[in-house]
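Going down the list, the sequences are from chains A and B. With this note's numbering applied, the first sequence corresponds to residues 1 to 508, in that order. With this note's numbering applied, the second sequence corresponds to residues 1001 to 1243, in that order.
Simulated from the structure, these hints should not be mistaken for lab results. Note that the Cβ used here is the ideal one computed from N, Cα and C, for glycine as well. Among the hints, a few may not be true.
[To be verified] Across the chosen pairs, the derived CB separations fall in these ranges:
1. B:1227 x A:502: 47 to 53 Å
2. A:1 x B:1144: 49 to 55 Å
3. A:29 x B:1144: 56 to 62 Å
4. B:1127 x A:272: 34 to 40 Å
5. B:1128 x A:94: 46 to 52 Å
6. A:272 x B:1144: 40 to 46 Å
7. B:1182 x A:143: 28 to 34 Å
8. B:1144 x A:211: 56 to 62 Å
9. A:348 x B:1137: 32 to 38 Å
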Amino acid sequence: MIFFLIMSLVFLGLMVNFSFIKIYKGIPSMYNLFERMMSPNLAYGQEVFSKLLETIEIAVTSTIMGVLLAIPFALLTARNITPNKYISIGLNTLFSFLRTIPNLIWAALLVSIFSIGQLPGMMALTITAFLISLKLFKENIETISENLINSTKSVGATRLQILRHCVLPTMLELTVSVFFMVFETNIRSATVLGLVGAGGIGQIMWRDLNHLRYDNLATLILMLFITILTIDGLSLLVRNQIKKTYIPCKSIESHRRFIIFRGMTILVIFLTIILGVFNSIDINMLRFKLGLEQAQSMILRMFYIDLTYLPRLLEGIKESFFIAIFSTLTGAIGALFLSFFAAYNTSPSKAMVLISKGITNILRTFPPIVTAIIFFRGVGPGPLAGSMALSIYTTGVLTKLYSEVIEHSHENTKNSILSTGCSNLISFRHGILPQTLPTFISLVLYRLESNIRTSTILGIIGAGGIGTILSMNITWRNWERVGLLILGIAVMVMIIDSLSYYLRKRMS
Amino acid sequence: MVKLENISVLYNQKTLAVDDISLKVEQGEFLGIIGLSGSGKSSLLKTINLLVKPSKGRIYVDETDLTKLKDNSLRQIRREIGFIFQDYNLVERSSVLENVLVGRLGYKSSLKSFFGLFDNNDYKIATEALEQVGLKEKTFVRADQLSGGQKQRVAIAKTLCQNPKIILADEPVSSLDASSAQIVMDYFKMINEKRKITIMINLHDVNLAKKYCSRIIALKNGRIFFDEKVGDVDDQQLQELYQ
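I would like the entire structure built from these sequences, with the hints used as guidance.
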């Protein structure tokens, strides 16, 4: 087993040009980079701050629009309440195809349609927010039992009444947590949109990198770190709070007032959001129309895929695939170790818990493409930079999730092993690990699905994978080739997704 | 009065769940349906308000033939037929009152109910129903805070709000402990006697059926195995049923 693991690691390492010498040689320049970053240019803070606000605005607006758009579509596509089975199947196929396209690619495509600026970024993130929240809503609605719908049906309720009184109350709570979950993803994505010219803080980050202004970069990364941590914390707080809401009523009268008040509040919030969103979009109709015409011809040309480009596609896909596999595996191994120290019920000491949780949070704060930029300076262009960055991010995310799983595992399992007189580590190895392994593996598989998507965009900054030729061809407007590349990515992502789905099903 | 004529239910065009059953239930009867799991009890009950469409046969409630009704009139007749499930089916995060008010939906226009607007009469009926099942003090509690037995009583109150002539109950006490089951059954009995509502109830506990029902029907492989007044059921028959 261990031998097999090592062999596959070596093989994967070869596939992503892993070399200790390269990393060793890269250390001084990476260290130098860190050293220069240790003296942040605080005077630069003001400019960063205004860009940061822009980034947050992009993330908030796109999340709101995406989540709101997703609600009606979820009602249309959820298998148990759809008005028409064929509409549901058709839309689901379309959306799962669109979901395979990573957000940075959406942004790059939209930039070539609507020109550089905030709007394409906002649209790209709206699309991805829409697709993610649609999936979450749909899965949630599908867990509503058939009997609950039947029981509302049997009081003589109409279709609309069933939606309003039995589907919507369950969704209302979910909407808030979906909003924050998607927001956490979007704020990370919004920071890198600038790499393809789609607005936000990424624009100045990219500029500073190219001008070697590491002091500025340090300011930027520091502020980004604080922002993301704050948002994550806020999100966690709200999501925990909403589970505890109760209905503050004493009499029928106050209950009726409460219902009216609640209805009004929701209406007001809804209208404010719509107004806010419309205000933040600044584009004249003429430019928008031109964009739509360009989009039309672009999509038409994409259908005539350029098959002569197939060898390059396969080459890129292969590289992306191995980046994803390598970083998932190394991330999984890293997370297994780190989780032991980060979960408070297995860790040897409390200090260790704090340190490990701190490390985990740092690892998962930055989108992998930002980390890749740093490795890029050290080990040069190519898949190694990308896979190291992705490994680090995977380790962070997996550790967070898995240590929570460990913390929720049964105390008794651990105690029953401990009571035979062995150490903490042994009780972890023989008690908690076998018990939680299936959950861990399915977490790893989910990560693989996400990593496959990320590995296709790392190439945009030259960190290996199919993203390099994809972004080149988007810039050159070779839409026939872009069509082929997107199709290739979609096929790979779908294969991996269904494989992962199959494996997860088999385990449970 | 409920009358079934030659009802069959076919799932996926191959599994015959109910096989040519004819049955007549008078207003105000307390009818227990017993039988092994898979004998077609649940399907039979669900065809009566057309949650499951029968593959052949006719269903009459009073003089109306339900199988001929269009959507709109079907909804109207469904108001008169309450249905209670084993798994309570409350909206967990809504208050007890909101759950009970769902029972009034059949009497409301789509627009008004969309904004959650119910009138004085609805609130009066809802509070009376809650009072009747002894849960008045739980009116403003979230449904997920209740015990199983209490949830089932809320489901009964919800059904009472429909002002039904008939209540169909599909294994309503199967997931309850013995004493909660007794309490819930007592409420069924009380409704039956006070409001003269016909009750058709699936039970897998024969003793409960004997204790509460006035008439017992046993199903075996989708057919009626026996149909007797409660006093006439003997152990010999029961043994054969559960073989």
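Here's how the hints hold up against the structure:
In this structure the hint that residue 1227 (chain B) and residue 502 (chain A) lie 47 to 53 Å apart at CB holds, the actual value being about 50 Å. Checked against the hint of 49 to 55 Å, the pair residue 1 (chain A) and residue 1144 (chain B) fails, with Cβ atoms roughly 44 Å apart. Between residue 29 (chain A) and residue 1144 (chain B) the beta carbon distance is about 57 Å. The supplied range of 56 to 62 Å therefore holds. In this structure the hint that residue 1127 (chain B) and residue 272 (chain A) lie 34 to 40 Å apart at CB holds, the actual value being about 36 Å.
One distance hint, 46 to 52 Å for the beta-carbon pair residue 1128 (chain B) and residue 94 (chain A), holds here, with the actual separation near 50 Å. Separation of residue 272 (chain A) from residue 1144 (chain B) is about 31 Å and departs from the stated range, judged on CB atoms against 40 to 46 Å. The beta-carbon spacing between residue 1182 (chain B) and residue 143 (chain A), approximately 32 Å, falls within the hinted interval of 28 to 34 Å. In this structure the supplied range 56 to 62 Å holds for residue 1144 (chain B) paired with residue 211 (chain A), their Cβ-Cβ distance being about 57 Å.
Separation of residue 348 (chain A) from residue 1137 (chain B) is about 51 Å and departs from the stated range, judged on CB atoms against 32 to 38 Å.
Hints 2, 6, 9 from the list above are not met by this structure, while the remaining hints are.
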